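Q: Just so you know, we're using numbering that gives the first Met the number 0 here: the sequence shown kicks off at 0 and counts up by one.
Calculated from the structure, these hints are not laboratory results. All figures in this text were calculated on a predicted structure; none of them were measured in a lab. The C-beta atom is built at its ideal place from N, Cα and C for all residues, glycine as well. It is possible that part of the hints are untrue.
[Said to hold, decoys possible] Label-pair ranges, simulated between beta-carbon atoms:
#1 GLN48 - GLU11: 20 to 28 Å
#2 LYS60 - TYR39: 23 to 31 Å
#3 VAL6 - GLU63: 34 to 42 Å
#4 ASN46 - HIS82: 34 to 42 Å
#5 GLY26 - VAL83: 52 to 60 Å
#6 ARG15 - GLU80: 41 to 49 Å
#7 TRP58 - LEU38: 38 to 46 Å
#8 ARG21 - HIS82: 41 to 49 Å
#9 ASN46 - THR4: 17 to 25 Å
#10 ALA57 - ARG15: 19 to 27 Å
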Amino acid sequence: MSHRTQVTLTDEQYARLKAESRRSGLGLAELVRRALQVLYGKSARENPQAVLQATAGAWRKRHESGEQYVEQLRPGLAERERHVG
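All chains should be modelled from the sequences, with the hints used to inform the complete structure.
A: What follows is the structure, given as structure tokens:
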């Protein structure tokens, strides 16, 4: 079974889709289906690339390092881990 839907794209999105269609030889609908499959069609465990793309830049507004952030949440953890390892 298949379903037909209508999607409104910005000029930039449409241009990018058309360019990829010319490059790949695939139709616009097939490109949209493939993009949906990559982003939503698999679980995070099956598709780590989609997770990386979706979360890229999530830390950019923070000023502390990952270690400093964890230390704020769990004071002394870094020191305890140094003694264990």
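Q: It remains to establish, for every hint, whether it holds in the given structure.
A: Right, here's what the structure says about each hint:
no.: 1; hint: GLN48 - GLU11: 20 to 28 Å; verdict: holds (23 Å)
no.: 2; hint: LYS60 - TYR39: 23 to 31 Å; verdict: holds (26 Å)
no.: 3; hint: VAL6 - GLU63: 34 to 42 Å; verdict: holds (40 Å)
no.: 4; hint: ASN46 - HIS82: 34 to 42 Å; verdict: holds (38 Å)
no.: 5; hint: GLY26 - VAL83: 52 to 60 Å; verdict: holds (56 Å)
no.: 6; hint: ARG15 - GLU80: 41 to 49 Å; verdict: holds (45 Å)
no.: 7; hint: TRP58 - LEU38: 38 to 46 Å; verdict: violated (21 Å)
no.: 8; hint: ARG21 - HIS82: 41 to 49 Å; verdict: violated (60 Å)
no.: 9; hint: ASN46 - THR4: 17 to 25 Å; verdict: holds (23 Å)
no.: 10; hint: ALA57 - ARG15: 19 to 27 Å; verdict: holds (23 Å)
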